[in-house]
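Undergrad: Sequence:
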Amino acid sequence: MNEGFLFLIGSILCDVVANICLKKSQGFKYKLWGAGAVLLIIIAFIALAQAIKTMDLSIAYALWGALGLLLTTGLDITLYGVRLNAVGIAGVLCMVTGVALMKSIA
45 MNEGFLFLIG
55 SILCDVVANI
65 CLKKSQGFKY
75 KLWGAGAVLL
85 IIIAFIALAQ
95 AIKTMDLSIA
105 YALWGALGLL
115 LTTGLDITLY
125 GVRLNAVGIA
135 GVLCMVTGVA
145 LMKSIA
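Note that the sequence shown covers residues 45 to 150 in my numbering.
Because the hints were derived from the structure by calculation, they are not lab data.
A quick note: this is a predicted structure, and the numbers were derived from the prediction, not measured.
Beta carbons are placed, not taken as given, at the ideal position from N, Cα and C, and that holds for glycine.
Heads up, some of the hints might be wrong.
[Claimed, not checked] Ranges between beta-carbon positions, derived for each pair:
| # | residue 1 | residue 2 | range |
| --- | --- | --- | --- |
| 1 | Thr122 | Tyr74 | 16 to 26 Å |
| 2 | Gly135 | Phe89 | 32 to 42 Å |
| 3 | Ile90 | Val131 | 28 to 38 Å |
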């Protein structure tokens with residue numbers, strides 16, 4: 045695994061945790077959660093910038109978006125009991141399939 049992928053994984057994890065912090069901030073009602081979200085997003089973009097030094101932007105961004113969505117959705121289901129309907133599940137599967145197709149041609 046090259047250094048770019050490690051930065052990408054770190055970026056994805058920061059993004060996912062930032063999304064959870066945003067939810068906990070309740071629209072920045074709880075400032076500390078909101079500030080944590082902003083800080084984590086900044087760190088996520090710095091890590092993404094490092095990742096794209098060694099990998100294609102299109103692949104990095106597709107992985108970042110799709111895996112971020114998949115992990116955030118999984119946490120939303122696990123932590124908050126959110127339920128996806130068939131259309132929501134199909135949407136997540138389409139994103140994952142799209143990333144797999146992009147990665148196969150890169």
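Undergrad: Are Thr122 and Tyr74 spaced within 16 to 26 Å by their CB atoms?
TA: Taking Cβ atoms as reference, Thr122 and Tyr74 lie about 21 Å apart, which means the hint holds.
Undergrad: Does the beta carbon distance between Gly135 and Phe89 stay inside 32 to 42 Å, or does it fall outside?
TA: violated (25 Å)
Undergrad: Just tell me: holds or violated, for the beta carbon distance of Ile90 and Val131 against 28 to 38 Å?
TA: Check passed, 35 Å falls within 28 to 38 Å.
Of the numbered hints given earlier, the model fails hint 2 alone.
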